[in-house]
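> Here is what each chain is made of, one letter per residue.
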Amino acid sequence: MNPEELHDIAVKRREQQAQFENRIVVCTGTACHASQSEQIIDRLNTEIKGRGLTKRCAISAGGCRGLCAAGPMVTVEPEHILYQGVKPDDAEPILASLNEAPVERLRCDTDAPFFARQKRVVLEYNGMLDPEEIEDYIAAGGFATFINTLTQMQPSNVIEVVRRSGLGGRGGAGYSTGLKWATVAKAAGQHKFIICNGDEGDPGAFMDRSVMEDYPYRVIEGILIAAYGIGADEGFIYVRAEYPLAVKRLRHALRQAEKYGLLGNDLCGTNFSLKLDVRLGAGAFVCGEETALMASIEGKRGTPRPRPPYPAESGLWGFPTLINNVETFANVVPILREGSEWFASIGTERSKGTKVFALSGQIKHTGLIEVPMGITLREIIFEIGGGIPGGKRFKAVQTGGPSGGCIPEQHLDIPVDYASLAQVGSIMGSGGMIVMDETSCMVDVAKYFMEFCMTESCGKCIPCRVGTAQMYRLLDKITRGEGTLDDLTLLEDLCDMVQHTSLCGLGQAAPNPVKSTLRYFRDEYLAHIVDKTCPAGVCTLHREAVSL
Amino acid sequence: MQAAMSVVTAPPSEDKRWRIIQTTMRRQGYSPHALIETLHSVQAAFGYLDEASLHYVAQSLHIPLSRVYGVATFYNLFTLKPQGAHSCVVCLGTACYIKGGQQILAALEQATGIHRGETTPDKQVSLVVARCLGTCGLAPAVIFDEEITGQVLPDEAARRVKEWLAYES
Numbered sequence: 001m002n003p004e005e006l007h008d009i010a011v012k013r014r015e016q017q018a019q020f021e022n023r024i025v026v027c028t029g030t031a032c033h034a035s036q037s038e039q040i041i042d043r044l045n046t047e048i049k050g051r052g053l054t055k056r057c058a059i060s061a062g063g064c065r066g067l068c069a070a071g072p073m074v075t076v077e078p079e080h081i082l083y084q085g086v087k088p089d090d091a092e093p094i095l096a097s098l099n100e101a102p103v104e105r106l107r108c109d110t111d112a113p114f115f116a117r118q119k120r121v122v123l124e125y126n127g128m129l130d131p132e133e134i135e136d137y138i139a140a141g142g143f144a145t146f147i148n149t150l151t152q153m154q155p156s157n158v159i160e161v162v163r164r165s166g167l168g169g170r171g172g173a174g175y176s177t178g179l180k181w182a183t184v185a186k187a188a189g190q191h192k193f194i195i196c197n198g199d200e201g202d203p204g205a206f207m208d209r210s211v212m213e214d215y216p217y218r219v220i221e222g223i224l225i226a227a228y229g230i231g232a233d234e235g236f237i238y239v240r241a242e243y244p245l246a247v248k249r250l251r252h253a254l255r256q257a258e259k260y261g262l263l264g265n266d267l268c269g270t271n272f273s274l275k276l277d278v279r280l281g282a283g284a285f286v287c288g289e290e291t292a293l294m295a296s297i298e299g300k301r302g303t304p305r306p307r308p309p310y311p312a313e314s315g316l317w318g319f320p321t322l323i324n325n326v327e328t329f330a331n332v333v334p335i336l337r338e339g340s341e342w343f344a345s346i347g348t349e350r351s352k353g354t355k356v357f358a359l360s361g362q363i364k365h366t367g368l369i370e371v372p373m374g375i376t377l378r379e380i381i382f383e384i385g386g387g388i389p390g391g392k393r394f395k396a397v398q399t400g401g402p403s404g405g406c407i408p409e410q411h412l413d414i415p416v417d418y419a420s421l422a423q424v425g426s427i428m429g430s431g432g433m434i435v436m437d438e439t440s441c442m443v444d445v446a447k448y449f450m451e452f453c454m455t456e457s458c459g460k461c462i463p464c465r466v467g468t469a470q471m472y473r474l475l476d477k478i479t480r481g482e483g484t485l486d487d488l489t490l491l492e493d494l495c496d497m498v499q500h501t502s503l504c505g506l507g508q509a510a511p512n513p514v515k516s517t518l519r520y521f522r523d524e525y526l527a528h529i530v531d532k533t534c535p536a537g538v539c540t541l542h543r544e545a546v547s548l
Numbered sequence: 549m550q551a552a553m554s555v556v557t558a559p560p561s562e563d564k565r566w567r568i569i570q571t572t573m574r575r576q577g578y579s580p581h582a583l584i585e586t587l588h589s590v591q592a593a594f595g596y597l598d599e600a601s602l603h604y605v606a607q608s609l610h611i612p613l614s615r616v617y618g619v620a621t622f623y624n625l626f627t628l629k630p631q632g633a634h635s636c637v638v639c640l641g642t643a644c645y646i647k648g649g650q651q652i653l654a655a656l657e658q659a660t661g662i663h664r665g666e667t668t669p670d671k672q673v674s675l676v677v678a679r680c681l682g683t684c685g686l687a688p689a690v691i692f693d694e695e696i697t698g699q700v701l702p703d704e705a706a707r708r709v710k711e712w713l714a715y716e717s
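Going line by line, the protein sequences match chains A and B. Under the numbering used here, the first residue of the first sequence is numbered 1, with each subsequent residue one higher. Under the numbering used here, the first residue of the second sequence is numbered 549, with each subsequent residue one higher.
Treat the hints as calculated values from the structure; they're not laboratory data. Incorrect hints may appear among the rest.
Claimed, not checked - Below are the DSSO-like pairs computed for lysine-lysine, each with C-alpha atoms no more than 27 Å apart in a straight line:
| # | chain 1 | residue 1 | chain 2 | residue 2 |
| --- | --- | --- | --- | --- |
| 1 | A | K87 | A | K49 |
| 2 | B | K710 | A | K248 |
| 3 | A | K300 | B | K629 |
| 4 | A | K532 | A | K477 |
| 5 | A | K300 | A | K248 |
| 6 | A | K12 | A | K55 |
| 7 | B | K629 | A | K460 |
Computed from a predicted structure; not experimentally measured.
Turn these sequences into a full structure, and let the hints guide you.
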């Protein structure tokens with residue numbers, strides 16, 4: 001593949017697309033798929049045949065528009081008319097409206113804050129590409145950045161551009177992507193690996209699923225650029241097996257990229273080669289940790305090991321290895337295309353770019369959003385998210401999954417960036433954002449996350465294996481109304497011990513949900529312990545304990 | 549070719565499904581790191597990992613049986629027990645949990661008379677709990693026989709599972 005060939009494919013596909021007056025794109029992401037989007041496509045295809053519109057109107061599968069709760073979403077181009085909650089029977093009125101006024105009862109207002117307040121970089125294609133058509137991606141400019149980078153830039157310049165952009169790891173920690181790449185590039189050895197971490201294990205997080213399902217080619221292009229920068233010749237995309245659609249689409253995308261000479265040996269007439277494959281997880285949360293993930297790719301139990309050595313020096317099978325998250329790789333293409341200054345102009349002083357969040361829980365507009373760093377939590381929840389349904393009161397927002405914390409109302413005006421979230425006792429995390437209202441009991445939520453960490457602990461180090469179990473027992477005791485004030489002290493001691501002595505991030509961060517709820521909702525703990533009541537009415541307390 | 553053939557272990561039975569598993573292993577050169585992919589392949593073909601299959605995979609990939617067993621029991625998705633004809637996966641991710649996933653699970657446990665992770669004695673229904681399906685927009689979500697269903701109510705879930713049980717008896 002050379003630049004001219006790529007250009008020809010793009011032109012040919014754009015000409016094909018231009019033959020149609022209208023294009024109807026139906027979201028086929030997991031959530032819309034579950035709400036019959038395939039049947040809608042079938043009905044639309046049958047209807048256009050019946051109406052003799054096959055030459056005028058194209059029907060295609062697309063990606064997520066973000067508003068998952070209102071799915072299935074259907075877009076009519078070129079007018080950008082967005083429909084929500086579409087049923088197969090709506091195929092007829094939608095087609096009938098093509099030359100007339102849109103179907104008002106299905107209309108979704110794209111000027112609403114949910115859409116207008118977002119800033120889309122990772123999700124820039126707005127779900128308009130067919131995830132199984134590489135030509136669609138090429139027609140939209142795909143792979144041009146990779147070919148330009150490969151043929152016109154030195155690897156060291158690629159790393160420099162990424163470093164200057166200020167991109168931080170989107171897996172949650174925010175470590176400078178450019179510095180990480182530079183370390184792997186400097187490591188000695190001819191054979192290096194590159195790994196894309198798609199083991200999105202945090203409950204309540206589905207950003208990476210969506211990116212892999214909708215833009216598999218974009219992820220592959222990002223990996224290609226990174227591999228060129230660091231000098232890797234082999235790589236893996238590690239995906240959790242719970243995401244069958246993402247696995248299917250990535251595998252398909254890899255085959256298509258190989259067919260077009262965008263993966264394989266001596267790419268674009270250079271001596272750069274990359275072999276890329278998908279590896280499946282098997283339901284172990286700890287495999288999101290990089291050393292555990294590598295053990296899993298090697299076909300072993302996914303237990304972490306102490307660092308150093310870091311994967312950059314000794315990773316997969318002992319070779320220097322770069323591991324980045326899906327969203328990090330998805331940011332690489334726009335950075336190389338638009339330049340580091342452009343990327344660095346988005347966001348805050350210390351946190352650059354945008355972040356994709358999965359907004360869920362007790363919130364009106366559940367779905368996938370992308371916002372510039374520095375936006376406040378209040379703007380996300382009450383403007384983009386539309387606030388709390390049913391006239392209920394906001395209580396807390398949980399970020400960072402089992403490694404994060406619960407943020408109360410008083411901190412809703414902090415900017416969303418790595419440092420500010422850490423300051424209030426939570427973390428950016430991979431992007432799960434779960435909103436809770438007055439019907440959620442914070443002690444129960446802490447217990448929920450502790451049960452999660454206890455079950456998912458790999459068992460290798462004692463503080464995590466035993467500590468999380470002890471903390472879970474104490475929380476369970478408190479939610480049953482049998483806790484004492486001494487238990488609370490013990491719980492706090494254990495938080496400290498597990499945090500400081502566990503081997504990997506799972507154990508080190510496991511106390512975070514408990515610590516943050518103790519910090520902001522201590523009164524709820526005390527209500528369970530002293531008054532033997534659950535203010536939210538979630539826990540079933542043993543009333544007889546009151547008389548003791 | 550002869551030499552390559554001689555190291556390939558014969559599958560435990562004549563069942564044609566073993567060919568899929570052999571293809572998985574061959575594609576990765578019968579290397580030990582193909583273990584997880586191979587176990588996925590066995591489970592996809594047979595529904596669970598029985599003892600004979602673990603022996604076979606261990607011999608084919610030249611890995612000690614203890615390590616194969618270690619891996620098969622470490623990962624939550626692998627099961628050593630046969631599953632029911634129908635499966636019901638209740639999501640207990642955070643969004644589903646705070647929107648009532650627990651109540652759905654309780655209703656299903658009552659309707660089937662089994663606990664999470666178990667299969668009904670007539671081998672009709674397996675009740676499984678998932679960490680997060682990543683379909684938080686549909687919370688609370690349940691997968692009834694591979695079909696993801698959103699905004700499920702406890703009664704509704706119980707009714708669907710009872711239909712499976714009633715239909716077979």
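> All hints, please: hold or fail.
Hint by hint, here is what the structure shows:
{"no.": "1", "hint": "A:K87 x A:K49", "in the structure": "19 Å, holds"}
{"no.": "2", "hint": "B:K710 x A:K248", "in the structure": "32 Å, violated"}
{"no.": "3", "hint": "A:K300 x B:K629", "in the structure": "21 Å, holds"}
{"no.": "4", "hint": "A:K532 x A:K477", "in the structure": "11 Å, holds"}
{"no.": "5", "hint": "A:K300 x A:K248", "in the structure": "23 Å, holds"}
{"no.": "6", "hint": "A:K12 x A:K55", "in the structure": "17 Å, holds"}
{"no.": "7", "hint": "B:K629 x A:K460", "in the structure": "25 Å, holds"}
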